[in-house]
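A.B. asks: Sequence:
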Amino acid sequence: MNEQAIVERIISDAEEEARAIIKEAEARFAQTVAAANERAERNRRGTEAEVRAKAVAVSDGKAASARLDGAKILLGEKRGVIEEVYARALKKLVGLGEKETLYLSARLLGDYAEEGDEIVFAENFPFAQNVAALPVVKEKKLKVSARRAKLDGGFMLCGKVADKDVSYGAILAADKEKRSAEIAAVIFN
Numbered sequence: 042m043n044e045q046a047i048v049e050r051i052i053s054d055a056e057e058e059a060r061a062i063i064k065e066a067e068a069r070f071a072q073t074v075a076a077a078n079e080r081a082e083r084n085r086r087g088t089e090a091e092v093r094a095k096a097v098a099v100s101d102g103k104a105a106s107a108r109l110d111g112a113k114i115l116l117g118e119k120r121g122v123i124e125e126v127y128a129r130a131l132k133k134l135v136g137l138g139e140k141e142t143l144y145l146s147a148r149l150l151g152d153y154a155e156e157g158d159e160i161v162f163a164e165n166f167p168f169a170q171n172v173a174a175l176p177v178v179k180e181k182k183l184k185v186s187a188r189r190a191k192l193d194g195g196f197m198l199c200g201k202v203a204d205k206d207v208s209y210g211a212i213l214a215a216d217k218e219k220r221s222a223e224i225a226a227v228i229f230n
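Residues 42 to 230 in the working numbering are what the sequence shown lists, from first letter to last.
Take these hints with a grain of salt, some might be off.
[Unchecked claim] Keeping only pairs whose Cα atoms sit at most 30 Å apart, straight-line, the calculated DSS-like set for lysine-lysine is:
| id | residue 1 | residue 2 |
| --- | --- | --- |
| 1 | K191 | K181 |
| 2 | K217 | K140 |
| 3 | K133 | K184 |
| 4 | K133 | K217 |
Hints in this document: simulated from the structure, not taken from any laboratory.
Turn these sequences into a full structure, and let the hints steer you where they fit.
C.D. replies: Right, dumping it as structure tokens:
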């Protein structure tokens with residue numbers, strides 16, 4: 042072989058080897074790009090799923106918060122209705138006629154007054170003299186105070202041991218504490 046043929050053979054082998062290296066590099070490049078694209082697609086799907094989950098969580102949280110706020114408002118309105126029921130009841134008690142007031146006063150004095158208690162009427166109590174003339178006042182030796190108290194109707198009993206607020210407001214407050222759930226059930230069902 043001559044020199045020229047050897048050189049051409051070396052160049053030909055080198056070119057063939059270069060083509061093989063390029064082909065292998067292109068194949069690795071394609072694999073790398075494919076792997077990178079696959080990773081990117083997985084990351085994109087994962088991020089989308091994460092975003093959807095966060096969106097659902099935020100939406101659920103907002104919905105729960107809105108339900109809670111709505112329940113608070115509803116409860117406040119229900120309490121307002123109960124308060125109005127008791128305010129109207131107080132107004133009716135304060136506005137009772139003489140016969141009903143005397144009957145109620147006799148019952149309260151009979152149930153709660155102790156011998157020797159002093160009756161202090163509310164400033165707005167219209168039948169104090171009539172109540173003072175009730176038989177229970179004489180039976181229990183009750184005293185009638187000349188002073189008036191700032192009460193929501195009715196009267197209070199001042200005793201040697203303890204005072205008892207049997208004003209209409211106090212009676213209704215005790216009833217509301219005891220029966221407001223029952224009343225709410227009747228009103229709102």
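A.B. asks: Does each hint fit the structure? Answer for all of them.
C.D. replies: For each hint, the structure was consulted:
1. K191 x K181: holds, 25 Å
2. K217 x K140: Given that 30 Å is the threshold and the Cα spacing comes to 25 Å, the pair holds.
3. K133 x K184: holds, 27 Å
4. K133 x K217: Holds, at about 16 Å.
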